[in-house]
Every structure is written in C-alpha cells, then in structure tokens.
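> Input sequences plus hints: build the corresponding full structure.
Listed below are the residues making up each chain.
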Amino acid sequence: MDNFLTDNEDLLFHLDTMDLDRIIRLYEDDFSEAGVFPHAPKDVADAKDNYRRTLEIVGQIAAEYMAPFAPEVDATGVHLVDGEVVFAPATAKAWDMMRKAELTGMTFARKYGGLNIPLTIMTMGGEIFSRGDASFLNLGLQQDIGETLERFGSEEQKARIIPLLSRGEEGSAMILTEPDAGSDLQAVTLKATQVADGSWRLNGVKRFITNGCGRIGLVLARSEDREGARGLSMFLYHRDKHTRIRRVEEKLGIHGSPTCEMQFNDAPAELVGERGRGLTKYTMWLMNSARLSVASQGVGIAEAAYREALKYAQEREQFGGPIIKLPAVYEMLADMRISIEAARTLLYETARVVDMKEGMERIVEHHPEREAEYKSEIKKYVRLSAMFTPIAKMFNTEMANKVTYDAIQIHGGTGFMKDFNVERHYRDARITNIYEGTTQLQVVAAIGAVMSGTATAAMDEYAGEDWSSMPAALLKGIERTRMLMEKAILHVKEQASDEVTGFHARRLVEMATDIIIAWLLLRDARHAQRKLLVAEAFVEKMQAKAEASTNFIMSENSAFMKNCKQVIGLAE
Amino acid sequence: MGLNIVVLVKQVPDTKNVTGKAMKDDGTVNRAALPAIFNPEDLHALEAALRIKDAHPDTRVNVITMGPPAAAQVLKESLFRGADFVALITDRKFAGADTLATSYALSCAIRKIGAVDLVLCGRQAIDGDTAQVGPQTAEKLGMNQITCVSDIAELDAKKRTISARRSIEGGFELVKAKLPVLLTVTDEGFEPRPPSARRVMMYKNAVASASNDASYDECYMNASACADDDIIALWDIASIKADPEACGLAGSPTKVKKIDSVVLTAQDIRMVDASESGIAALVHELIADHTIG
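If you read the sequences in order, they're chains A and B.
Taking our numbering, I'd label the letters of the first sequence as residues 1 to 572.
Taking our numbering, I'd label the letters of the second sequence as residues 1 to 293.
Accuracy of the hints is not assured; some may be wrong.
Once the Cα atoms are required to be at most 30 Å apart in a straight line, the calculated DSBU-like pairs of lysine-lysine come out as [unchecked claim]:
| id | chain 1 | residue 1 | chain 2 | residue 2 |
| --- | --- | --- | --- | --- |
| 1 | A | 418 | A | 487 |
| 2 | B | 204 | A | 42 |
| 3 | B | 24 | A | 48 |
If you want a taste of the chain B side facing chain A, the calculated C-beta under 8 Å gives, among others [to be verified]:
| id | residue |
| --- | --- |
| 4 | 73 |
| 5 | 111 |
| 6 | 193 |
| 7 | 204 |
FYI, nobody ran anything at the bench for these hints, they're computed from the structure.
For every residue, glycine included, the Cβ atom is placed at its ideal position computed from N, Cα and C.
Pasting the structure below:
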C-alpha cells in the first residue's frame with residue numbers, strides 16, 4: 001500500500017532526527033494525562049511512537065484517497081447549489097476518511113476530543129496531505145480555527161465548539177477578507193452591533209473566504225466606533241439562514257477548495273476574547289498559525305511536482321538517452337530537490353520554534369506560578385517565531401512556485417497538457433505565496449528582525465555550535481555570505497529612508513533566510529553524510545546570489561528607484 | 001437497537017507484494033518472503049460491521065481469527081478501526097487445519113460468544129482462495145447464509161431481517177434473509193476505513209493473553225476503557241469446547257499430495273475470423289485437443 005510518509009525518506013529523516021523531547025514534555029505537561037485518557041502517552045518515546053503512527057495514517061489517506069483522485073477533484077471543482085457548496089465527491093470522501101481516522105481534531109486538547117499533537121507533527125501532516133491534494137484545505141483550517149478558539153475563547157465556548165470540530169461534524173472558516181480589505185485588514189468594515197440581550201449581530205459582506213460554507217466561523221468585524229485596527233473584534237458564529245453564500249469563485253488552482261463570497265444579514269454571533277483586539281491579537285495569532293500551514297503546503301506541492309519531474313526525466317528519451325543525463329536537466333532537478341530539502345529543514349525548524357513558544361505559554365497558562373521560570377525563554381521564542389514564520393512562508397511558497405514551474409519545463413510540451421499532473425501542481429502552487437499574506441507582506445513582517453539583530457542573533461547561536469567536523473570551506477562560505485548581508489544591512493541603514501529599506505527589504509530578508517537555511521542543512525549533515533552534499537550545493541549558490549544582491553544594494557540606488565518610478569509613470 | 005456481530009478475519013501472506021522467492025524449493029509457501037497482511041476481503045467485512053455499528057451505536061463488533069500468535073496483528077488492526085472485542089483462537093492442535101476443520105473451530109468460537117445476529121467474513125482468503133470457510137461455518141451453526149455480498153440494502157433490527165446485494169455473473173441479486181445470518185463479503189463494496197489515530201494510540205500495545213474464564217465478557221467487555229491492557233483474548237481448544245478429533249490435521253480430510261509451482265507462459269494471440277466458418281473451425285480445434293467437449 002502506498003504511503004506518503006513512509007515513501008518519503010527526507011520527511012522520515014526529519015521525523016527521526018528532530019529534537020522533540022522538550023516539546024513533548026511541554027505539550028504533555030510532564031505526562032499528566034497518562035492514565036486519564038487511554039490514548040495519552042506515558043513518556044517521550046510513547047509520544048513519538050504515537051506521532052509516527054498518526055502520520056502513517058495521514059500518509060495512507062493522502063496516498064490512497066487523495067492523490068489518485070486529485071485530478072478528478074481539480075476537474076470537478078466545487079459548485080454552489082441552492083445556496084450551499086457542493087464539494088467534489090472525492091473531497092467529501094477524503095474528509096470522511098479523515099473523520100473516521102479521528103484526525104480532524106489532531107492538535108486540540110484531549111478533553112475536547114483531540115489528540116494533543118504538537119504543531120510540528122501537524123505541519124508534517126500538512127505537508128503529506130498537500131502532496132496528495134493541495135486543494136484539501138479543510139483539515140489545516142480546522143486546526144487553525146480550533147486552536148485560536150482554544151487559545152482565546154471562553155471556557156464555555158471551547159467546551160461547546162471544539163468537540164464539534166474534533167469530530168469533524170462541522171467544517172470551519174476564518175472570515176477576514178473583504179472587497180476593500182485584503183492585505184490591509186485594518187480597513188475591514190463588516191459591522192458588529194450589540195443588541196439588548198448583550199449578544200451581537202453581524203452585517204456586511206466578506207469575500208474570498210476559504211471554506212466559507214463551514215458552519216463554524218471566526219469573523220473579523222468592526223464593533224467599535226473607531227477606525228483602524230483597534231475598532232475590530234473577533235466573533236464566533238454558527239452559520240444559519242442569516243448568512244448567505246452568494247457565490248463561489250472560479251479560480252486558477254486549488255479547485256477542490258470553495259472560495260466563498262458571503263453576506264451577513266443580522267447574523268447572530270458572539271464575541272471572542274476582548275473587544276478591540278480582533279486584528280491585533282487574535283487574527284495575528286490565527287494568521288501566523290495559518291502561515292505555517294501554507295508553508296507546509298508549499299513543500300507538499302513541490303514534493304509532488306518534483307517526483308513527477310524526476311520520473312519523467314528518467315523515462316523520457318531524447319537524443320538517444322534519457323533526458324536526465326543532460327546537464328541542463330539534471331541541474332534543474334538537483335536545484336528542485338535541494339530547494340525542497342532547504343524548505344523542509346526551515347519548515348520544521350520554524351514549527352519547532354513555534355512549538356517551543358506555544359508549549360511554554362501553555363505551561364504558564366496552566367501553572368501561573370511557573371511564569372518566572374519561563375519568562376525569558378518565552379520572550380526569546382516569541383521573537384524567533386515572529387521571524388521564522390514569515391520567512392518560512394516566503395521561502396517555501398516561492399520555492400513551490402519555482403519547483404512546479406521547472407517541473408513543467410522538464411516535461412516540455414507534455415507538461416503543458418492536462419493529461420499530466422504537473423500543470424495542476426503549478427496552478428495549485430500559485431496561490432500559496434499570495435494567501436495568508438503575500439510574499440511581500442511576509443517580507444514586511446520579517447524585515448524588522450533582519451534589521452534589528454534578531455536574525456543575526458539566531459545566526460550567532462548556530463555559529464556557536466561545534467562544527468569542527470564540518471568542511472572549513474563550507475563554514476567559510478556561510479560566514480562570507482553573512483558578511484555580505486551585514487554590509488548590505490549597514491548600507492541600507494545608513495540611507496535612513498523607509499523607502500530604501502522597503503525597496504531592498506526582500507533582498508535582505510532572502511539573504512538572511514538563506515544563511516539560516518545553510519546552518520540548518522549543516523545541522524542535518526550531522527545525522528547524514530548525504531546532507532553535506534545538499535549543504536555544499538546550497539551554500540555555493542547562496543553565495544553567488546548574495547554577492548549579486550549586495551552589489552545591487554550597494555550601487556547607487558536612489559537613481560535606480562527614481563528610474564523605476566519614471567518607467568511606469570509614477571509621479572514622485 | 002444494537003446487534004451482536006462476529007467478523008471472521010484471517011492473516012494471510014501478501015501475494016501481491018512478494019519480496020523474495022514466493023515458493024520454497026520443496027514447493028511450499030515461503031512465508032518469510034511474503035509480508036503478512038489482513039486478508040483484503042475480510043477488511044471489507046469488518047467495514048460492513050463497523051458501518052452497521054455507525055448506524056446502530058449499541059452494536060457490538062466481535063472479531064475472531066484463528067492462527068499462530070503473530071495473527072494477533074490483524075486483531076490489533078481491527079481494534080484500531082473500531083472492534084469492541086477481539087479473540088485469537090490459537091492452539092497447536094489447530095495446526096494443519098483445512099477448511100472443514102477451520103470452520104468447525106470458528107463455529108465453536110462463535111458459539112462461545114453466544115447469541116449472534118450476524119456473522120461477516122470475506123468471501124475468500126488470498127492464500128487459499130477456496131471461499132469455503134464462510135459457507136461451511138454457516139452450515140455448522142445452522143445459520144442462513146448469503147455469499148458474495150457487495151452491499152447491504154436494508155437491515156431491519158426490529159423485524160430481524162436483512163437484504164443484501166449479492167454479486168452474480170452478469171449482475172446482482174437482492175437476497176432477503178432472517179437473522180441470524182452469515183454474509184461473505186466481496187471487495188466491491190464497503191471500502192475499508194483507515195485506522196483511527198486515537199484508537200491506535202490506545203491499542204498499539206495490546207497483547208494477547210490466555211484466559212481461563214468461563215465467560216469471556218467479564219474481563220474483556222470494557223476493552224475500550226483500558227489501554228495497554230491484555231485485551232486480545234486468547235482462546236485455546238478447551239476454551240472453545242472443541243473436539244480435538246475434529247480440529248487441525250486430525251479433523252482435515254484434505255491431504256496435500258504435492259504442490260507444483262506452475263509458471264504460465266503467455267503465447268502469441270491468434271486472430272479467429274469472426275464468421276460462422278471461422279468459429280466452427282476454432283470449436284472443432286478445441287474439441288480435437290480436449291479443451292472442450
């Protein structure tokens with residue numbers, strides 16, 4: 001039987017070598033639920049075994065019930081029939097299998113029917129089912145919504161709603177975007193009004209809502225009589241006749257996932273958490289969680305596309321032999337594979353960092369007396385999470401676009417045809433660097449960390465480890481790239497111009513990301529000789545890229561920026 | 001209203017995934033080269049039982065297998081998917097059983113479980129392919145049987161009747177029977193569910209343990225309440241009150257004289273002219289070489 005976990009050597013490598021011990025202890029609160037719930041682990045090894053077995057089930061479902069039907073799901077799409085969304089039959093079946101496998105509440109607390117699985121493992125699950133069918137977003141969404149509620153909802157809300165999500169009885173949606181509030185969510189206008197009995201009513205329109213048909217929704221709405229972020233609150237609603245799905249979008253990719261336009265007509269809703277914190281606290285938290293999911297989606301799609309391309313290049317004969325022997329082709333394939341492994345190591349480091357933060361915050365929530373013990377570490381991991389999440393989202397989704405693009409290229413004309421899977425992967429990948437914040441917004445989120453020293457502090461920490469067994473040239477390559485980056489940062493800082501910083505931000509963030517990845521690949525090389533090859537190849541190209549970027553940043557940019565604007569007729 | 005269901009399952013060598021030489025030089029099956037799996041059609045039978053349980057939550061799904069201790073793995077797999085009670089029938093005296101001795105032992109085990117409404121099993125196992133155990137078990141229990149079932153059209157727990165869709169050559173027939181009934185299930189319907197992650201965590205360490213109990217249910221009724229406990233019942237020849245003479249080699253009239261590994265070699269196809277004379281010539285030829293006639 002096919003299995004997308006067990007057939008994936010690199011994913012297994014991370015599962016086997018990742019340092020999860022501390023995360024497990026934090027999540028399990030020193031195994032306090034062992035014996036209370038029959039499925040709770042009794043020690044670290046037991047928990048790890050549970051994770052692996054759980055991922056094997058995800059791998060089985062992805063390989064058997066998703067991948068073979070993904071072309072059909074893509075062709076069928078979703079339809080709006082009498083105001084309700086109808087999924088492709090194969091999507092509905094995959095969801096049913098997930099329910100039967102009791103995976104729909106993977107990350108939720110056991111007392112709400114969940115499995116209390118850390119985000120790192122959930123992220124692996126995300127990678128696996130995205131490889132099966134990238135349009136299968138329901139599960140990741142379900143976790144993000146449930147966790148947000150678990151984190152910020154009242155005890156009563158949690159006990160009432162999360163078990164429904166755990167059992168997969170209800171689908172869910174995060175309802176943020178509006179026609180005039182996309183990247184800029186501060187502009188949200190959907191109105192929340194409090195009525196006499198203290199409950200709330202929602203009125204307005206939301207657009208581009210993934211899985212808007214889900215019955216449980218978290219809605220960002222304007223509850224306060226003031227503009228900007230502080231006027232927004234988060235609401236929980238249970239979809240009924242007061243919300244109409246007006247249309248589902250026709251999209252380039254992820255056809256299996258409904259993207260809804262919704263109209264709220266006096267829809268009853270309840271406040272989540274505090275008023276005025278909807279965007280600044282809850283949505284930000286929810287969004288970061290979703291960004292990690294999308295980063296994993298990018299890796300899953302790229303993995304699927306790479307496998308297709310590799311197989312094709314081995315089988316397709318031209319000029320008297322398989323095309324994989326041609327330098328132009330094997331370099332492309334190697335680049336694909338290296339960037340997937342780079343993205344994967346970044347993904348699981350990001351997930352680990354976020355898990356450390358979440359795990360410690362949970363402990364402090366349950367044991368307020370231990371706050372002092374964790375305070376400084378929490379601060380550190382909050383900072384690291386805020387940097388790692390956007391760079392992983394940026395790197396992995398851009399990588400997915402490049403890999404799927406090259407996968408078509410390797411197929412040649414054949415890849416352009418609907419008969420092969422690569423064109424679907426290419427279309428599906430295209431949204432990943434857009435939704436949950438475009439790459440440009442991820443850069444905005446990460447540039448502060450790069451300019452302020454959070455990134456260099458992280459690099460220092462990696463550099464401080466014992467690398468004596470690693471090739472000196474490789475270490476020198478990383479150090480050299482870092483010097484180039486610091487030179488460029490200094491130059492940009494000296495300009496003291498927000499526009500210059502914004503203009504070069506992506507180049508700077510990408511350099512920092514590459515350096516972090518280089519360290520992570522080198523760390524992986526401690527466990528497997530093969531990873532050294534990957535690290536060497538990665539560092540080689542990273543240096544060349546950093547050199548070009550730094551040269552460009554150091555050149556006379558003010559003239560260039562001015563030219564850019566003039567070329568497109570943008571007035572100064 | 002819940003039903004009491006028994007599912008008969010078998011651990012078989014995976015004949016589709018041969019990792020080495022499938023047959024030993026002496027012509028017997030080389031089990032080491034063949035990974036052991038859940039007999040595919042039995043998994044469909046289990047799914048049929050679990051769907052009945054989904055619809056009638058008070059239903060109890062008992063899963064029984066006969067085999068060596070390693071066969072407990074298929075019972076674990078059953079627990080992972082939702083079985084309430086599992087028992088491994090194992091005893092040296094069962095060794096060498098043919099379909100007759102096997103169905104006898106299984107019928108004794110089913111009697112031990114007590115009043116049963118439904119017995120479900122796969123149509124046939126991929127190692128022997130006899131399709132005899134199901135029907136023979138029904139005969140021994142004096143139970144109605146519907147073979148080659150691909151779907152259950154209706155199950156009326158109150159009136160105690162079942163209508164099953166039975167695959168036959170060129171179509172299907174709908175057969176209605178009174179409970180209790182034994183169904184043998186094909187792989188056309190009841191697509192098996194994956195294991196439940198939560199139940200895997202609960203039962204992954206389940207081990208078989210011998211019980212000298214007279215009533216199995218005292219120890220094992222609450223299987224779902226305890227993890228890591230000895231929840232796979234181990235039944236030997238005495239505990240199912242079977243006659244040793246009717247079990248194992250002693251109870252098996254089938255004697256294997258010799259096993260040949262037959263290698264089929266494909267030959268060129270031959271086109272026959274689609275005319276009366278062409279067909280007549282072919283029929284004549286087949287009669288001549290005793291293929292037909």
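> Has the given pair, residue 204 of chain B with residue 42 of chain A, been kept, meaning a C-alpha gap of at most 30 Å?
Since the Cα atoms of residue 204 of chain B and residue 42 of chain A sit roughly 13 Å apart, the hinted pair holds (cutoff 30 Å).
> Can the hint on residue 111 of chain B be confirmed by a CB-to-CB distance to chain A that is less than 8 Å?
violated, 31 Å
> Does residue 73 of chain B meet its interface restraint, that is, does its C-beta lie within less than 8 Å of any C-beta in chain A?
At about 14 Å, which exceeds the 8 Å cut-off, the nearest Cβ of chain A leaves the hint on residue 73 of chain B violated.
> Quick check on the hint: residue 193 of chain B CB to chain A CB, less than 8 Å?
It holds, given that the least Cβ distance between residue 193 of chain B and chain A is near 4 Å, below 8 Å.
> Check the hint pairing residue 24 of chain B with residue 48 of chain A against an upper bound of 30 Å on the C-alpha distance.
violated, 39 Å
> Taken at face value, is the distance from the CA of residue 487 of chain A to the CA of residue 418 of chain A at most 30 Å?
This hinted pair is violated, its Cα atoms lying about 47 Å apart.
> Holds or violated: is the Cβ of residue 204 of chain B closer than 8 Å to a Cβ in chain A?
holds, 6 Å
Checked against the numbered hints above, the structure breaks hints 1, 3, 4 and 5 and satisfies the rest.
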